[in-house]
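Trainee: Since the structure of chain R is already known, use the hints to place chain P on it.
As you go down the protein sequences, you meet chains R and P in turn.
The first sequence begins at 1 in full-length UniProt numbering and counts up one residue at a time.
The second sequence begins at 1 in full-length UniProt numbering and counts up one residue at a time.
There may be inaccurate statements among the hints.
Lysine-lysine pairs mimicking DSS-like chemistry, simulated, CA-CA at most 25 Å apart [stated by the list, open to error]: (1) P:K44 with R:K196; (2) P:K107 with P:K197; (3) P:K357 with R:K196; (4) R:K68 with R:K203; (5) P:K107 with P:K44; (6) P:K44 with P:K197.
Quick caveat, the hints were computed from the structure, so don't treat them as lab data.
As a plain string of letters, each chain reads:
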Amino acid sequence: MNIIVCIKQVPDTEAPIRIKADGSGIDDTGLTLVMNYYDEHATEAGLRLREQFGGTVTLVSVGAERVKEALRTGLAMGADDALLVSDPALAGADHLGIARVLAAVIRTLPHDVVICGKLSTDDNAATVGAALAEYLSLPQATAIAHLDVDGGGAGAVVHREVEGGVEVLAVPFPAVLTVERSLNEPRYPSLPGIMKARRKEIKTVTLEHLGLDAADVGMAAARATLVRLSPPPARKAGRIVEGDAAQAVSAIISFLKDEAKVLS
Amino acid sequence: MDFQLADEHRMVQATVREFARQEILPRAAALDHTPVFPSEIIQKAAALGLMGMVIPEAYGGAGMDPVSYVVAQEELARASAGLQTIITVNNSLVCDPIFHFGTEDQKRRYLPRLSSGASLGCYCLTEPAYGSDAMSLRTDARREADQWILRGTKAFVTNAVEADVCIVYARTGPEPGARGISAFIVEKGFPGISVGKVEKKLGIKCSSTAEIVLDGCRVPASNLLGEPGSGGKIALTTLDGGRLGIAAQAVGIARAALEEATAYAAGRRQFGRSIGEFQAIQWMLADMATRTDAARLLMLRAAYLRQQGTRYTREASMAKLFASETAMWVTHKAVQIFGGYGYIQDYPVERYFRDAKITEIYEGTSEIQRIVIARNLLEGHA
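In isolation and in its complexed conformation, chain R is listed as follows (with noise of 0.2 Å):
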């Protein structure tokens, strides 16, 4: 089975993020980046499929020379190969932009099964896989929790977490999936994995090997601008209340009816 697996690097969700003094993004100097979660998650998916049907697994990225170090996490955690897209002239592209991108290079491959992580979890957008999905004219499931693949690897049956319930979908193969993390736990690399990943080659390729021009998916392309980013407002700090307990009881009662409004 060819199982390509997308994946993007992001700042680490442990590290304190500082934004740039213009709003225009984040400053990413001594920033821990690390692969998404979700896209562990995704390799994972991928490893175990190889496991089942034999095949390979195939890391895919778009991004700075940078991302190659999260290509190689995954790499370590044993996927056979990798490829990233670099190129100056993504600057500024838009999620569109980068599916497409994606698209180019997985119409280079042979793919029978595309996996994404549902979302990233720096920009929350949850746009690139099923984006990519229509670019590659592929069928799609999103944010599955349990991937059940038939025994000819013809196609999968999946299962959606909706509002309530359980959604069970049907998908033939070459498909894309985006993947929860309630999917699986993702393996550990292993430390021989590591040495492996080191010595293997990442080729990084170019918008122009992939035949496509800077104005359809750079940032002249995208259709939405980042205006402004903006910390969260800070925590304003906790309350104490004071008193002997049957006065502090009813303080406190009157504050998460009255204040804060969560009892009637």
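Mentor: Then chain P, alone, in the frame of chain R:
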């Protein structure tokens, strides 16, 4: 001069840090309060490649370099020094000597099972009457046909209870001191070996420490490790590597104490402000951080020298000496910053304080390290 860890070292660090955060840290306090051998975590660590880190993949190891080794050991010890002890002994004191001094047959028989977590190793050098004076050990080995018959008692053996592969040093010849000593690979299944008294300890509680009793233990001649009479050399070479693991353990403990104390100092309020605003606390934190960094740099230098294949005995001893005394000092200050809360088991710093002490004692006391360093300095000046 480049003070950056290489990419693969940073990946090892990130992987082991995440493993420690997910798998070890949530259980570290419980493993100290109610010590049980953490076999489930050890199996997961083995799956990652942490049990035979520097052993080549051909023998089932992870094929990593000594810098990766110390980086990983620091991360493990940051979460639980007791758990890291189990792992570093298996790596440095058991896999290493079998790899460096074993026959091809011994490497094939023992390294894959020790690296995969199927077996666990222990190291039997110290005896009740011979600690720092290890080269005077009395355990006796006599050749009978194709077997060696071992008699004696080994003390303070880490992993003694759970291990099934033991590196045992015994006297095979009449020569005094190191020259009469040979090393053996002894399986727990051989007749005549048993676990003696199990010790109750101040710290590193989830690792077992016990006597190993050899009562006419029959060891096949094919399990002699290295040449007869080379045991002293094997022991000392092995301890150079072991000291890297203990230096890393001490750095991990010191870092744990520094991180906890810094967070506490920032949050704890007295006299209307955080105690981190008082210079008395700031000076402690500054010194704790400076010494911890210095210890880590000594550790990395020793590991780097080992990687280069140059002699690193002095540097390993310096790293072990300075890191262990740093761990003791830093954890002592961390308890002081926590005040009363540092003295109770609801917070982790009293555990760090108790765990730190062993690093000044095992694999050569601080006094022995100073002797090693001084003799090394004076070599060639005689």
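Trainee: Hints numbered earlier in the text: which of these fail when held up against the supplied structure?
Mentor: As far as the earlier hints go, 2, 3, 6 are violated by this structure, in ascending order.
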